[in-house]
Amino acid sequence: MTTVIPNVPAVPTEGALAGLKVVDLMWVVAGPTATRAMADFGATVVRIESANRIETARGIGPFHDNAQGPDHSGLFSNMNVNKLGLSLNLGTQEARDVLLDLIKWCDVLTESFSPRAMRAWGMDFESLKQIRPDLIMLSTCLFGQEGPLSRVAGFGTMGAAIGGYIALAGNPGGPPIGPYSAYTDYLSPRFALPTILAALDHRDRTGEGVYIDQAQAESSLHFMSTALLDYTVNGRVPEQVGNADPAMAPHGCYAASGDDDWVAIAARDDGDWANLCAAMGMGELTCDDRFADLAARKANEDELNGIVAGWTAEHGAIEIEYMLQAFGVPAQAVSNSAAAASDPQLQHRGHFIQMEHPVHGVATIEAAKGQMSETPPDYRSAAPSIGRDNDLVLREILGYNDEQIAQLAIADALT
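33 is the number that the numbering used here gives to position 33 of the sequence shown; each next residue is one higher, with no gaps.
Mixed in with the good hints there might be a few duds.
Distance condition first, Cα-Cα at most 30 Å in a straight line; then the derived DSS-like pairs of lysine-lysine [stated by the list, open to error]:
hint, residue 1, residue 2
1, Lys129, Lys21
2, Lys21, Lys369
3, Lys129, Lys104
4, Lys21, Lys104
Ranges of calculated distance between the beta carbons of each label pair, as one might list FRET restraints [what the hints assert, rightly or not]:
hint, residue 1, residue 2, range
5, Thr13, Gln354, 19 to 27 Å
6, Gly173, Val233, 21 to 29 Å
7, Tyr322, Asp245, 17 to 25 Å
Everything labelled a hint here was simulated from the structure, so no lab data went into it.
Each residue gets a CB set at the ideal place from its N, CA and C atoms; glycine is no exception.
Please work from the sequences and hints to get the whole structure.
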């Protein structure tokens, strides 16, 4: 029986990051991924949005019940678990005054606007540290705060293009197809989160605030280090190779029997090749000069792949996976979303969690990206609807009274 976690928005009191206060002005994936990780481990994260300018992720599928709407995005739901939602119309001075009060309250301010926005409001780091000298501030956008591209708005798809990822992925002689979706959105949080934690450690030791200027495309280039080094040292530009590998053969994704079923197979060395031949019932291929060693197999790779593909086409993907793994050959049936959702390993690890949702009854989310034995992650509330926690934030966190809140409403600051 699946346990459904109640949806109870609250200021957390437990967790590795309990007591850490974060203001989240981020959007889509790159920024919210980092702040969600902090929220999972006990940080109080106040996410600021406005109904006047709907957050892009709220319009990105998949959608609950295949219906679009600001509370229907599965992507948004997954990125913003455990956060408190405050609606502020930052086009008004009154709303910006509330934001300033939150900045005085928080330890960490995170934003992913273009470089113009915070400066225009007088909320750049140099200005803010006059009122909060120990503030940790992260500004994360595609190209960073300075330089000729700094004012160019962009998404992770453009980041993948300028980072070289799109040029690497594709079949030989064909057009570049790139990695799936906005690739840098999923790489850059892996730098944002530890950098924020390092900045907090620095503050704890010195009392100094820290400004972090993160260019998401530049951060993601670290995952291209091998290709960059190869060009710098050897003058080689990587080419599209499909599923081939320079040091393994066969190495690819092969069609299995069934409807759009595939299996990935990799022969790391001559031993794997011999075991693969045995599994296929083609032991004689180990004596074939065309496939005698890696160099020979690479030279005859098309013919080799044809032989392997002919064998896989006669068997189911799961059958091949189990058979080859029993022979010590790396192999894995290719999962689609339905297979991943029911995968026994992911189920055992508790990768998917069911939470109460005020609109959909129950929402499925991914668990925290990591687990810690002494201070495990906690799941308190589903992603907020716009302004869901206005009262909690304004009254409990900022201490505003009825009259102050009423004046904000009159000034249209809470939309």
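Now the hints, each set against the structure:
Taken as a hint, the Lys129 and Lys21 pair is honoured in the structure, with Cα atoms around 16 Å apart against an allowance of 30 Å. Between the alpha carbons of Lys21 and Lys369 the distance comes to roughly 20 Å, so the proposed pair stays at or under 30 Å and holds. Of the supplied pair hints, the one linking Lys129 and Lys104 holds, its CA atoms being roughly 10 Å apart against a limit of 30 Å. Between Lys21 and Lys104 the CA atoms are separated by roughly 10 Å; this keeps the pair inside 30 Å, and the hint holds.
Distance hint check: the CB atoms of Thr13 and Gln354 are about 24 Å apart, consistent with the given range 19 to 27 Å. The beta-carbon spacing between Gly173 and Val233, approximately 26 Å, falls within the hinted interval of 21 to 29 Å. Checked against the given bound of 17 to 25 Å, the beta carbons of Tyr322 and Asp245, roughly 23 Å apart, stay inside it.
Violated hints for the displayed structure: none, as all numbered hints are satisfied.
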